[in-house]
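Given the coordinates of chain A, assemble chain B onto it according to the supplied hints.
Chains A and B, in that order, are what the protein sequence lines are. According to my numbering, the first sequence holds residues 1 to 327 in order. According to my numbering, the second sequence holds residues 1 to 643 in order.
Hint data in this document are derived by calculation from the structure and do not stem from the laboratory. Hints may contain errors.
Claimed, not checked - Partner residues are not named here, just some residues of chain A that face chain B (Cβ under 10 Å, in silico):
1. Glu88
2. Glu236
3. Leu239
As the list claims (entries may be wrong) - Which stretches of chain B does chain A cover? Using the computed rule of at least three CB atoms under 8 Å from a CB of chain A, they are:
4. 303-314
5. 495-503
All C-beta atoms, glycine included, are put in the ideal place defined by N, C-alpha and C.
Single-letter residue listing:
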Amino acid sequence: MHLFILKRLLIAPFLLAIFSVIAFVLIQAPPGDFLTSYIAELAQGGTSIGQEQIEALRQQYGLDRPTYVQYFVWVGNLLQGDLGTSFEWRRSNAELIGERLALTLTMTTISLIFTWAIAIPAGIISAVRQYSGIDYVITVLNYIGLATPNFLLALLIMWFAFDQFGVTVTGLFSPEYVAAPWSLARVADMMSRIWLPALVLAVAGTAEVARVVRANLLDELDRPYTEMARAKGLPEWRLVLKYPTRVAIAPVISTLGWYIPRLLSGGLVVSVVMSLPTIGPLLLRSLIGQDMYLAGTIILLYSVLTIVGTLLSDILLALLDPRIRTA
Amino acid sequence: MVISARKQRTVRAWLVALAASFLLPGMVFAQSYSEAPALAEAVAAGDLPPVEERLPSNPLVIQPVDEVGTYGGTIRRAFTGPGDSNNYVRWVYDALVRFDSEGAEIVPHLLEGWESSDDFTTWTLNMREGAKWSDGDDFTADDIMFYYNGVVLNEDLTPSTPAWLANTDGTPATFTKVDDYTIQVEFDFPNTLFLTELTFRDGADRTLAAFLPSHYLGQFHPDVAGEEAVQALVDEAGLSSWVDLFMQKAIPPDNADRPTMAAWVAEDSTVSDDVFVVRRNPYFIGVDTAGNQLPYVDEVQFRYFADVEALNFAAVAGEFDFQARHIQMPNFPVLVENSERSGYRVITWPTFGGSDAALWVNQNYTLDEELGELLANRDFRIALSHGIEREEIRESAFLGLGEIRQPVPAPWHPYYPGDEAATRYTEFDPDTANAMLDELGLTRGSDGMRSLPSGAPLRLEISVVPAFGPWPDVAQLIASDFAELGITTDVQVRERTAHFTMRDSNELMMEIWNEDTTAFPFTGNPKIDPRSNPATIFAVENRTWYETNGERGWEPEGSIARIVEIIEEAKTVGVDRQIELAQELYTLASEEVFAIGTVGLTPMIQGVVVINENLRNVPAVVANDWPLRTPGDARPEQFFYGN
Numbered sequence: 001m002h003l004f005i006l007k008r009l010l011i012a013p014f015l016l017a018i019f020s021v022i023a024f025v026l027i028q029a030p031p032g033d034f035l036t037s038y039i040a041e042l043a044q045g046g047t048s049i050g051q052e053q054i055e056a057l058r059q060q061y062g063l064d065r066p067t068y069v070q071y072f073v074w075v076g077n078l079l080q081g082d083l084g085t086s087f088e089w090r091r092s093n094a095e096l097i098g099e100r101l102a103l104t105l106t107m108t109t110i111s112l113i114f115t116w117a118i119a120i121p122a123g124i125i126s127a128v129r130q131y132s133g134i135d136y137v138i139t140v141l142n143y144i145g146l147a148t149p150n151f152l153l154a155l156l157i158m159w160f161a162f163d164q165f166g167v168t169v170t171g172l173f174s175p176e177y178v179a180a181p182w183s184l185a186r187v188a189d190m191m192s193r194i195w196l197p198a199l200v201l202a203v204a205g206t207a208e209v210a211r212v213v214r215a216n217l218l219d220e221l222d223r224p225y226t227e228m229a230r231a232k233g234l235p236e237w238r239l240v241l242k243y244p245t246r247v248a249i250a251p252v253i254s255t256l257g258w259y260i261p262r263l264l265s266g267g268l269v270v271s272v273v274m275s276l277p278t279i280g281p282l283l284l285r286s287l288i289g290q291d292m293y294l295a296g297t298i299i300l301l302y303s304v305l306t307i308v309g310t311l312l313s314d315i316l317l318a319l320l321d322p323r324i325r326t327a
Numbered sequence: 001m002v003i004s005a006r007k008q009r010t011v012r013a014w015l016v017a018l019a020a021s022f023l024l025p026g027m028v029f030a031q032s033y034s035e036a037p038a039l040a041e042a043v044a045a046g047d048l049p050p051v052e053e054r055l056p057s058n059p060l061v062i063q064p065v066d067e068v069g070t071y072g073g074t075i076r077r078a079f080t081g082p083g084d085s086n087n088y089v090r091w092v093y094d095a096l097v098r099f100d101s102e103g104a105e106i107v108p109h110l111l112e113g114w115e116s117s118d119d120f121t122t123w124t125l126n127m128r129e130g131a132k133w134s135d136g137d138d139f140t141a142d143d144i145m146f147y148y149n150g151v152v153l154n155e156d157l158t159p160s161t162p163a164w165l166a167n168t169d170g171t172p173a174t175f176t177k178v179d180d181y182t183i184q185v186e187f188d189f190p191n192t193l194f195l196t197e198l199t200f201r202d203g204a205d206r207t208l209a210a211f212l213p214s215h216y217l218g219q220f221h222p223d224v225a226g227e228e229a230v231q232a233l234v235d236e237a238g239l240s241s242w243v244d245l246f247m248q249k250a251i252p253p254d255n256a257d258r259p260t261m262a263a264w265v266a267e268d269s270t271v272s273d274d275v276f277v278v279r280r281n282p283y284f285i286g287v288d289t290a291g292n293q294l295p296y297v298d299e300v301q302f303r304y305f306a307d308v309e310a311l312n313f314a315a316v317a318g319e320f321d322f323q324a325r326h327i328q329m330p331n332f333p334v335l336v337e338n339s340e341r342s343g344y345r346v347i348t349w350p351t352f353g354g355s356d357a358a359l360w361v362n363q364n365y366t367l368d369e370e371l372g373e374l375l376a377n378r379d380f381r382i383a384l385s386h387g388i389e390r391e392e393i394r395e396s397a398f399l400g401l402g403e404i405r406q407p408v409p410a411p412w413h414p415y416y417p418g419d420e421a422a423t424r425y426t427e428f429d430p431d432t433a434n435a436m437l438d439e440l441g442l443t444r445g446s447d448g449m450r451s452l453p454s455g456a457p458l459r460l461e462i463s464v465v466p467a468f469g470p471w472p473d474v475a476q477l478i479a480s481d482f483a484e485l486g487i488t489t490d491v492q493v494r495e496r497t498a499h500f501t502m503r504d505s506n507e508l509m510m511e512i513w514n515e516d517t518t519a520f521p522f523t524g525n526p527k528i529d530p531r532s533n534p535a536t537i538f539a540v541e542n543r544t545w546y547e548t549n550g551e552r553g554w555e556p557e558g559s560i561a562r563i564v565e566i567i568e569e570a571k572t573v574g575v576d577r578q579i580e581l582a583q584e585l586y587t588l589a590s591e592e593v594f595a596i597g598t599v600g601l602t603p604m605i606q607g608v609v610v611i612n613e614n615l616r617n618v619p620a621v622v623a624n625d626w627p628l629r630t631p632g633d634a635r636p637e638q639f640f641y642g643n
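Just chain A, with the same shape it has in the complex (with noise of 0.2 Å):
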């Protein structure tokens, strides 16, 4: 067991070596650069920009270098714990992921939250009530879940929460709080918005959830430990939640690891149209704007995330399945 985590732990570097690469190659792969895309803003923003200063502006930046040798520069700073300065922000890396990461970690924790405690009951439920109307009522509501696209569902949910009462459930913030220091009034303002966004980020995963507790339960109800606990005479709500729903959910939890990465990635599309202040949008405007310190950083460390994250995984499902540890 503890080989196992060594060895795994020796092949990390390498993999975000190789992580790395591939992320900066990625990112310079579209045409043109940081420049170009700025250019491209100002025409859209109805101004322009002189040559010169265009060509000034690319040797300030050292975009008229290799790539290979940003690469490296960016590696090298990178080691030295530098993550760099963002091109558009013309602030540090560290700084803009850093005040992003709180939030974004607050919502998809929340958003797991309300995913299992929506899920599991709904799962245990669906499956003792086999075939019954409940389960049909979760089966269908299920499927819908899984079906509806989030960003649609929070659309939806902006336009009707505007329509009909007139209040508009964009951003983490009230308008007074945007700006405002951290204070207790803001976290009970940020508390009373964060719930909608989890909510609608918690939708699909609740519904893949709640499948495979129902699956896994219906295996493990007919089981003999099942039906011996039965014939003792154990109340059936104490004896399916004491025996086998503990197996049922070995695999929900032993996934957990896998979360990790989606806690920062989750629910890009539904930040981008609930204009969110989480890492999501601002990763899809580095790659768009072609801002690739920035970008190579957060899908550097989405890869760090996820290389801890499958570990755990692993970690957690060998204590749980001792097969998996001799195999």
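Frame of chain A; chain B shown alone:
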């Protein structure tokens, strides 16, 4: 259309602009001034000098649009991040001289007035005595001389002389400080466009304004502070050169510490923040006609939106007090529908002439020689123009707004070449179009589609960026019109960076873009000038020829060469001749149809204006264009909240 009284008036205004404008300040008689209550309190507390000392001895008088206003309030706006810093630049329109709200006349702003020698080689700039920067320091001739000596003549900051200050031999013009409030600028040729160029030097696009706070920026400039002191600051900031440091400090929306002359100044935020806040400048040089120091509104907030759709939604919900930038024209009906419940009104400011969706045809297309020749054939372009059903485009893509026209200036502008030129070849006439295409040897096959004379299939491509407005829709409509003529036409919707890159490498056949520079063909980056970069696709090889002094690219001939001749001549002649030349230029443009115009004079570009229903003094119509810094030319400093 007959030449309107409005046009004649504008022509006259244009002609007398120089003389009239510096007489205006003489109309002020009030020697006592009023100020915002908060400032009066600060004065009473001894934190601020009295208003008379803060204003120049001859303040700028801004005529309120409807009435003298009252102080107070916040204007909430939206922006899309640091790349959108011109959102602020347009709002404050902080320049030495500015255009009036019709875009026809240049009027004093930071300058009190100007004179030129009879031959236009020497320009004298008169500054306002006692004008002050937002930190209270004096605004004098030294601040313009600092720009000249420290920036224009400095090879690190300015490797080559900026075109607008270049003499005929390429050397920079000469600036001389006559006294503390007078500057003389001397060219070796009659530079009749100097004043127009000066209106653009307002620190836009993160370039440097033509007037800089020498007392503040001096500490970052080796000529003033000494190389060692500046190098120490560069090292401390972890930058690679003093130029980086200087540029970081010199652009107002990037640095809240940098004093400005604008009506609102940043205190602690920048355009990299979620909300960029600018507050009343207690030293702003302007007053209204009753002697109240402007601006009326205390504060302007720019809230960041990562997504334009979300921004438009917030506008519908009434979250902005004044917003035209980033408002999408197709949302016009939804905005109007919700205006009452959300507490705003919607007005439209049409674009300033030209065309809001023109089909630019590459005259230097090289990827296929036969096709390149065809695109450069005027008859082919005329046939295409006759084949477009513009009324359909106007109805379905432009909500029925605007006019069908070629990309020429607006009818009220002195450069308008006349109705014939404006509507030339815009009539939907498939018979004529087909006859002309047959004449060109483009024969139809059994499937009804045409081939090139060599027998190769004729296949056009329109590249379009989903920007501004309904361009992809316009492209689709044009493509189906062309298919009716037997020309297979593909529409490629491209991400804007890809489109710009392909434009530069001359890979595009045709593109949809607008022509919004018709009122400024002799300055800046006019789209009709083949040398402009970045501009459009129509003559990339000719542009290369000019850029490399004839080493590479194609030498321009015929009409394209004539366009350059016209522009060069206009830079050295008086206003009358400029008007003649501009009219010739646009007559030529409409005859050649390098850009096939569809619909113009719509509110497509930042022309759907959402205004808080209580905000007053917003003009019903202003000339709407980037060189005029709209809405800056509507004079936001005199907007105020009524009840």
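Status of each hint after checking the structure:
1. Glu88: Because about 6 Å separates glutamate 88 of chain A from the closest Cβ in chain B, which is inside the 10 Å limit, the hint holds.
2. Glu236: Hint violated; glutamate 236 of chain A Cβ to chain B Cβ min 49 Å, cut 10 Å.
3. Leu239: violated, 50 Å
4. 303-314: Check passed, 9 qualifying residues.
5. 495-503: holds (count 8)
Hints 2, 3 from the earlier list are contradicted by this structure; the remaining hints agree with it.
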